[in-house]
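Undergrad: So the chains spell out like this:
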Amino acid sequence: MKVLVVDDFSTMRRIVKNLLRDLGFTNIQEADDGSTALPMLQSGDFDFVVTDWNMPGMQGIDLLKAIRADASLSHIPVLLITAEAKKEQIVMAAQAGVNGYIVKPFTAATLKTKLDKIFERLA
Amino acid sequence: MSFEADEEILQDFLVEAGEILESLSEELVELENDVDNAELLNSIFRGFHTVKGGAGFLALGHLVDVCHGAENIFDLLRTGKRSVNAELMDTILSALDTVNDMFALVQNKESLVPADANLLAELARLSKPDAAKPVEAIAAVEIEQSVASNEESNSSDEMSEDEFERLLDELHGSGSVSAAPPVIEQVPVSPSTSSASSSDGSSDEISDDEFESLLDELHGQGAFSADAVDGANAALSSSSDDIDDLEFEKLLDELHGKGNAPQFVENALTDESTPPPVEKPVQAKAEVPKAVPQQSVQKKAQEAPVKAAAKKASSTPAPQGETTVRVDTKRLDQIMNMVGELVLVRNRLTSLGLVSDDEDLNKAVTNLDAVTTDLQGAVMQTRMQPIKKVFGRFPRVVRDLARSLNKEITLILEGEETDLDKNLVEALADPLVHLVRNSVDHGVEAPDVREALGKPREGTVLLSASQEGDHILLTIKDDGAGMDAEKLKSIAIERGVLDAESAARMPDKEAFSLIFAPGFSTKTEISEVSGRGVGMDVVKTKITQLNGTVNIDSELGVGTVLEIKVPLTLAILPTLMVVVGKQTFALPLASVNEIFHLDLSNTNSVDGQLTIIVREKAIPLFYLDQWLIRDFVKKSRDKGHVVIVQLGNQQVGFVVDSLIGQEEVVIKPLDRLLHGTPGMAGATITSDGGIALILDIANLLKFYAKKSPVNKKLRS
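If you read the protein sequences in the order shown, they are chains A and B.
Here our numbering is used: the first residue of the first sequence is 1, the next is one more, and so on.
Here our numbering is used: the first residue of the second sequence is 1, the next is one more, and so on.
Please keep in mind that the hints were generated in silico from the structure rather than gathered at the bench.
Where hints are given, some of them may not hold.
Calculated cross-link-like contacts (lysine-lysine; reagent style BS3-like; alpha-carbon spacing at most 30 angstroms) [to be verified]:
(1) B:K128 <-> A:K17
(2) A:K17 <-> B:K109
(3) A:K86 <-> B:K109
Quick list of the computed label-pair ranges, beta carbon to beta carbon [what the hints assert, rightly or not]:
(4) A:S72 <-> B:L413: 44 to 50 angstroms
(5) B:D328 <-> A:R21: 20 to 26 angstroms
(6) A:S72 <-> B:Q11: 38 to 44 angstroms
(7) A:T110 <-> B:G377: 32 to 38 angstroms
(8) A:K2 <-> B:A121: 17 to 23 angstroms
(9) B:Q107 <-> A:R21: 34 to 40 angstroms
(10) B:Q646 <-> A:R21: 57 to 63 angstroms
(11) A:A69 <-> B:G377: 26 to 32 angstroms
(12) B:T382 <-> A:E84: 54 to 60 angstroms
(13) A:S72 <-> B:A370: 50 to 56 angstroms
(14) A:K2 <-> B:P574: 31 to 37 angstroms
(15) B:E458 <-> A:S72: 55 to 61 angstroms
(16) B:V113 <-> A:R21: 30 to 36 angstroms
(17) A:E84 <-> B:R326: 29 to 35 angstroms
Backbone N, C-alpha and C define an ideal beta-carbon position, used for all residues, glycine too.
Please put together the full structure from these sequences, using the hints given.
TA: What follows is the structure, given as structure tokens:
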């Protein structure tokens, strides 16, 4: 399972990577915002995207939309990291085709639950 | 939290978030002059947001509180629901200070204390939309509001996209857009989905359940792509609620085939029961200009595609791996130290090569010489940092100070890109802050005074850096009142720093340097700002420790210029090697002015101090062997080598037994036993394999020339 972690804050990328690693994901790559993530996704066979919402350059939601709009990427599940579970934000994300969201800060256990839910739905 | 123990991540966070905080402080000052800069507001918002996010993971709750408050305020600012004013800036800046203080605590591994309750309350108060703004702006019809906020602040994508979507709903009626994917009923922005779990109370926050039901509504109960995973489902039929890693892997294998399988991707695509919802907004966007009569909306919509195009363009460059690596400075110090050792070996080899006639050896040594020099330069380069790191804090320093003193001051920064050694950047920070504060406090006059003098109300402080050979020149210049040499002298006499006689003889330029004398403060009253006991002498000492010099010049009514010169690096020191008695000593070359041969009988005694005349200038002369050689026996000499060194504005001559020459040395700190020996800066290994002590001239004079009257002058 090849995962792309997208966040402009490298400490946060490390945190998320560590959590994912705790959950057994080992093939993890990083991108620092949507505009760097997109070409990586297009050229690499990623299976999963974990992206922050709030980033300079290309925001997480725009990345999500771009992924859904690209025929070769639209199947990739996307987990969105947000700071607040604001309803309108989440609704917007859901409409844009997000598979799950998670609110900062979170633990490995929370992340696992979220991932499980996503894959359950995919199944 | 699982990361409490993760020291490494914490350190990373401190470094990275520290950078964010630095730029935040710059941006905040910038914001004050450019209150409507949407980009700036966004960037500040994101800064606090990011720090908050990281702090949350690291269980730094108090830090989260403050950042959260600040973030909320900027969320309002960037959406135009509040506007920047001085009071708000003060609160935000003090919030930033609090965050910085907390950082310091975390760095020192101390436990955090909660932020000042008043500050938090103030932040919370400011986090509510501006009362001054008409309430209707907030409660108004969605369309108007989104249009207004878009216009006002051209706010973030996140917000405006959302408003835009709602706008579209209002314009076309929910779900009426023809291009909308079949499965997706346009989900109303809030009410219907929340009804199921409205018992939760909070209407803004979404719960897991709500989200689940939302997804169900969007994609139909069940799965994203039912067909593609039928097989997988079968395989997992036993436990469909939970999934473990193994099952998960199996599932993936079924979905995409072992490894990867492009045709499955294709498959997944066609089977995907959720065609990209994004299509809808895209389509709709194109329609908006026709459908909406309101001009402002039209404008916005027309801008949107342009923006999108620009974004596309910026996202096209091929992905590149990270080109930078974070390295612990300790490791760099280690490398530098080893390069230092290599330089010493090179020096030794070079001097051996000079003696031998072996041509091949000489060639090899020359080669080594060149490579080592390059290596030394390259390693030094890795430790270089732009002085911007220090300069960056000055806009804030000057702003705060000017505000508290009711002065109007423009700070001009020049040469921020000038690189110098990391250690130097850090070591220079405090002295520079002190000097700049001084310029603002004592230099620049109050606006009314300036006006009366025919100067512009606004004073200017210039802070510049530039490289001059192997030195960095820092200049702090103000267009303030300048210094009064006579006043300085009289104060110096009053404080016993100077006697009346030498004061009378002292040229003005030297008098300016009196401010560096210990116990000298030109203000009779200690102002809160710069007269905090630690005076300019501390600044001077600090700079001298860095092998640097301070020069001061001033003109009454016109302004003052301070020039600081420091070497590019602290690790390698060019020295002049001299012999005193049988021992080798190294004098920092930076302070050596000239060397000459002197007829020692041609000296005078002034005021009990041995003096020589060089180009009509009297220079005190000392015999180094009197100070540095054990069991010194006075020997009669009629000729000797004299090294003239510069110390601030003062020159001093040293008599030495012989001169060896110029050599680059690596400073090794003195052993614990010898540490603190007066007048010694350290030791080094010479090219002939011996050991030389490096002299700290300022200290040497302070300690040994104590009884001499010249000392008073020297210390000034």
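Undergrad: Each hint needs a verdict: does it hold in this structure or not?
TA: We went through each hint and held it up to the structure:
no.	hint	in the structure
1	B:K128 <-> A:K17	violated, 36 angstroms
2	A:K17 <-> B:K109	holds, 25 angstroms
3	A:K86 <-> B:K109	violated, 34 angstroms
4	A:S72 <-> B:L413: 44 to 50 angstroms	holds, 48 angstroms
5	B:D328 <-> A:R21: 20 to 26 angstroms	holds, 22 angstroms
6	A:S72 <-> B:Q11: 38 to 44 angstroms	holds, 39 angstroms
7	A:T110 <-> B:G377: 32 to 38 angstroms	violated, 51 angstroms
8	A:K2 <-> B:A121: 17 to 23 angstroms	violated, 48 angstroms
9	B:Q107 <-> A:R21: 34 to 40 angstroms	violated, 27 angstroms
10	B:Q646 <-> A:R21: 57 to 63 angstroms	holds, 59 angstroms
11	A:A69 <-> B:G377: 26 to 32 angstroms	violated, 50 angstroms
12	B:T382 <-> A:E84: 54 to 60 angstroms	violated, 41 angstroms
13	A:S72 <-> B:A370: 50 to 56 angstroms	holds, 53 angstroms
14	A:K2 <-> B:P574: 31 to 37 angstroms	violated, 54 angstroms
15	B:E458 <-> A:S72: 55 to 61 angstroms	holds, 59 angstroms
16	B:V113 <-> A:R21: 30 to 36 angstroms	holds, 34 angstroms
17	A:E84 <-> B:R326: 29 to 35 angstroms	holds, 30 angstroms
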